[in-house]
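K.L.:
So the sequence lines, in the order shown, correspond to chains F and B. Position one of the first sequence corresponds to residue 1 (UniProt numbering), numbered consecutively onward. Position one of the second sequence corresponds to residue 1 (UniProt numbering), numbered consecutively onward.
Derived from the structure by calculation, the hints contain no laboratory data. One should not assume that every hint holds.
Each pair may be met inside one copy or between any two copies, as identical chains are not told apart.
Pairs of lysine-lysine residues, derived as DSSO-like cross-links and limited to a Cα-Cα distance of at most 30 Å, are as follows [what the hints assert, rightly or not]:
{"no.": "1", "residue 1": "K30", "residue 2": "K254"}
{"no.": "2", "residue 1": "K345", "residue 2": "K120"}
{"no.": "3", "residue 1": "K344", "residue 2": "K120"}
{"no.": "4", "residue 1": "K344", "residue 2": "K254"}
{"no.": "5", "residue 1": "K354", "residue 2": "K383"}
{"no.": "6", "residue 1": "K136", "residue 2": "K175"}
{"no.": "7", "residue 1": "K136", "residue 2": "K254"}
{"no.": "8", "residue 1": "K383", "residue 2": "K175"}
{"no.": "9", "residue 1": "K380", "residue 2": "K136"}
{"no.": "10", "residue 1": "K354", "residue 2": "K380"}
{"no.": "11", "residue 1": "K383", "residue 2": "K345"}
{"no.": "12", "residue 1": "K74", "residue 2": "K344"}
{"no.": "13", "residue 1": "K136", "residue 2": "K354"}
{"no.": "14", "residue 1": "K380", "residue 2": "K30"}
{"no.": "15", "residue 1": "K136", "residue 2": "K30"}
{"no.": "16", "residue 1": "K254", "residue 2": "K380"}
{"no.": "17", "residue 1": "K30", "residue 2": "K74"}
Protein chains: 2
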Amino acid sequence: MPTDANEQSVGLVTPITHHFEHDFELACGKILAGYDLVYETYGELNSERSNAILICHALSGNHHAAGFHSFDDKRPGWFDHYIGPGKPIDTNRFFVVALNNIGGCSGSTGPQSINPATGKRWGADFPGLRVRDWVKSQAELSDLLGIDVWAAIVGGSLGGMQALRWSLEYPERLKHCVVIASAMKLSAQNIAFNEVARKAIMSDPAFHDGNYLEHDTLPRDGLALARMVGHITYLSDEVLGSKFGRELRSGSFKMGQDEGVEFQIQSYLNYQGESFSGAFDANSYIRMTQALDFFDLAREYDNDPVAAFENAQCDFFAVSFTTDWRFSPERSQEMVQALMAAQKKISYVEIESKLGHDAFLLPNARYQEVFAAYMNRVHKSIKRKR
Amino acid sequence: MPTDANEQSVGLVTPITHHFEHDFELACGKILAGYDLVYETYGELNSERSNAILICHALSGNHHAAGFHSFDDKRPGWFDHYIGPGKPIDTNRFFVVALNNIGGCSGSTGPQSINPATGKRWGADFPGLRVRDWVKSQAELSDLLGIDVWAAIVGGSLGGMQALRWSLEYPERLKHCVVIASAMKLSAQNIAFNEVARKAIMSDPAFHDGNYLEHDTLPRDGLALARMVGHITYLSDEVLGSKFGRELRSGSFKMGQDEGVEFQIQSYLNYQGESFSGAFDANSYIRMTQALDFFDLAREYDNDPVAAFENAQCDFFAVSFTTDWRFSPERSQEMVQALMAAQKKISYVEIESKLGHDAFLLPNARYQEVFAAYMNRVHKSIKRKR
Numbered sequence: 001m002p003t004d005a006n007e008q009s010v011g012l013v014t015p016i017t018h019h020f021e022h023d024f025e026l027a028c029g030k031i032l033a034g035y036d037l038v039y040e041t042y043g044e045l046n047s048e049r050s051n052a053i054l055i056c057h058a059l060s061g062n063h064h065a066a067g068f069h070s071f072d073d074k075r076p077g078w079f080d081h082y083i084g085p086g087k088p089i090d091t092n093r094f095f096v097v098a099l100n101n102i103g104g105c106s107g108s109t110g111p112q113s114i115n116p117a118t119g120k121r122w123g124a125d126f127p128g129l130r131v132r133d134w135v136k137s138q139a140e141l142s143d144l145l146g147i148d149v150w151a152a153i154v155g156g157s158l159g160g161m162q163a164l165r166w167s168l169e170y171p172e173r174l175k176h177c178v179v180i181a182s183a184m185k186l187s188a189q190n191i192a193f194n195e196v197a198r199k200a201i202m203s204d205p206a207f208h209d210g211n212y213l214e215h216d217t218l219p220r221d222g223l224a225l226a227r228m229v230g231h232i233t234y235l236s237d238e239v240l241g242s243k244f245g246r247e248l249r250s251g252s253f254k255m256g257q258d259e260g261v262e263f264q265i266q267s268y269l270n271y272q273g274e275s276f277s278g279a280f281d282a283n284s285y286i287r288m289t290q291a292l293d294f295f296d297l298a299r300e301y302d303n304d305p306v307a308a309f310e311n312a313q314c315d316f317f318a319v320s321f322t323t324d325w326r327f328s329p330e331r332s333q334e335m336v337q338a339l340m341a342a343q344k345k346i347s348y349v350e351i352e353s354k355l356g357h358d359a360f361l362l363p364n365a366r367y368q369e370v371f372a373a374y375m376n377r378v379h380k381s382i383k384r385k386r
Numbered sequence: 001m002p003t004d005a006n007e008q009s010v011g012l013v014t015p016i017t018h019h020f021e022h023d024f025e026l027a028c029g030k031i032l033a034g035y036d037l038v039y040e041t042y043g044e045l046n047s048e049r050s051n052a053i054l055i056c057h058a059l060s061g062n063h064h065a066a067g068f069h070s071f072d073d074k075r076p077g078w079f080d081h082y083i084g085p086g087k088p089i090d091t092n093r094f095f096v097v098a099l100n101n102i103g104g105c106s107g108s109t110g111p112q113s114i115n116p117a118t119g120k121r122w123g124a125d126f127p128g129l130r131v132r133d134w135v136k137s138q139a140e141l142s143d144l145l146g147i148d149v150w151a152a153i154v155g156g157s158l159g160g161m162q163a164l165r166w167s168l169e170y171p172e173r174l175k176h177c178v179v180i181a182s183a184m185k186l187s188a189q190n191i192a193f194n195e196v197a198r199k200a201i202m203s204d205p206a207f208h209d210g211n212y213l214e215h216d217t218l219p220r221d222g223l224a225l226a227r228m229v230g231h232i233t234y235l236s237d238e239v240l241g242s243k244f245g246r247e248l249r250s251g252s253f254k255m256g257q258d259e260g261v262e263f264q265i266q267s268y269l270n271y272q273g274e275s276f277s278g279a280f281d282a283n284s285y286i287r288m289t290q291a292l293d294f295f296d297l298a299r300e301y302d303n304d305p306v307a308a309f310e311n312a313q314c315d316f317f318a319v320s321f322t323t324d325w326r327f328s329p330e331r332s333q334e335m336v337q338a339l340m341a342a343q344k345k346i347s348y349v350e351i352e353s354k355l356g357h358d359a360f361l362l363p364n365a366r367y368q369e370v371f372a373a374y375m376n377r378v379h380k381s382i383k384r385k386r
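For reference, chain F alone in the conformation it holds in the complex (with noise of 0.2 Å):
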């Protein structure tokens, strides 16, 4: 934790680790004899229980997404822009709550625990999530928790079709859905992607099937090459360009010189990939990307989003940012257009940024001001209630 991390930091943070006892049903039918969230809460929940926000994460998150577990650690958690006393979504007026979803591999129940009809890990045979498998979850540990209602519940890309199934699911139990740089479902170049991503994974010798921890071993090529596929697509074109362009890293381009010669951008790459796939699970990657490819969110509403939204009680906050071509603008407005039509309340902004998908979770002063202009709302709602 740097020294001057204090002030807009929520500081040290310890995960809660939660064991439910219950047998869990999942989308597909298999059920878990109980399971394990983890998930960190920063900020204190108010007497009235009425100022609790829910964090969902993204394929690659967790539930630390804001504050430093030791005074060691360098990096704080994923979504700390955001997150801390006098940020959007303000500590001190917020009870902040995020998890690992079930299927990750940071604490919660996922492949790499162990399986209690075999006392072996899952590994490949981890169940298949849906999303709403996590809605489910979440909504175990916010009746664990005493929040009958959230405030907000706030997620980007994946983590927004999260915040989209809670208000059509639970639609009483949220007052606000903010959904940034997401969809209401993915487009084919989004799926063949993941596609790519997973044979990857699968092609590693390594894998064993998923059982590479039975074999002592990990798919790291394998992982490190879904990693930079993801990362490529994540960054836009202008970014990767302004940050690496044509610049070598060693070696020179003069004739005759060819051997070792290699460009910023490939060792870059290598290295995201190579950290990457010694961090995270790869059977946790696939089941999270084949969450992804299965949303859908108005597939059993005839295909009609605006039929889908229906039922859902809350008020709406959506965010795009200019270079996201995974999930992109256009994904953002579709969405606006059907809650529109739907007669919700919808407030909607597509921030001017050179950092593709990646820029939700970046720092920029215009997505700073509309994010906390919208959580003032947010707490002035809370207020006004009591």
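Fit chain B to the supplied structure of chain F, relying on the hints for placement.
P.N.:
What follows is chain B alone, placed relative to chain F:
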């Protein structure tokens, strides 16, 4: 060959292989002690030898640009939509030459050839290539065929880079330079995708550091992955969406029936990857993508493309496609700007298409029309000279 293919087809064609006996020095300084080029020709060379058109191929192309190799052939050459009697590159008027580049895997000297120094296949030891190496070998082929001046040199994508390099290296040897869906250099994002492709190949344990043929195996999974990435990025989001959308090939979206669910886009990509990996050489793919990455038209001219084009003597025709995001219209526009600033004759058209980068190979009425119009001009300039 389909029976109805005759009228606008060059019909049956037979590749010719020529062995060049002399040493060929590559840009990297290494020497090929003789080399083979395989090529095809369509149409007749006129007595003035002034109606010859050179076709340069892209990443996975070869010498088979038009017509059929046998009556059993189901698919014609890769540029058959645009080469043939009455087509834009009209074989009633032009003598068309298409070759497989050095480093390829369709018959010209490449990684699968025997290294005369060792008596074994080159494999991974095949020297690194630059676009200029191809252009130099194409100039030797021109000498062989007695073509002092090409009426036009035509290329798309990586082929366009060869046409551009010709205009700088042998300015007096071409009258027209046709550059389709190409660029003066790759962006960092392009290099990044190529790096993923190479990494996928090299991570495949069957790659054996490039010496897979000696191990009697092929890095099929790696090459399939590389092709999948290429395929996604050479198509537009739009065309993937309209072609596949979120349609399933197998299984059902119904809850509890997740097993075996596959989107059509997944099976399509897997099919594309697998069929390519049986037909193309992995080392060739690596060498070709490296040449792509290295190409930088203006690098030796202080990064000033205007200075680079100063010596060019030919007229230029550039084409781009609206949804091509790997060789976007912006890249063509930069080239056009530089050519105008260098006071060259340049015609440029941006074609409306939903097909992404692959549009340059596919039927398109407007593209057909402007391409034919330009080639008419090329033909008229030949006649005027007589």
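K.L.:
Which constraints among the numbered hints does this structure fail? Numbers only, ascending.
P.N.:
2, 3, 5, 10, 12, 13, 14, 16, 17
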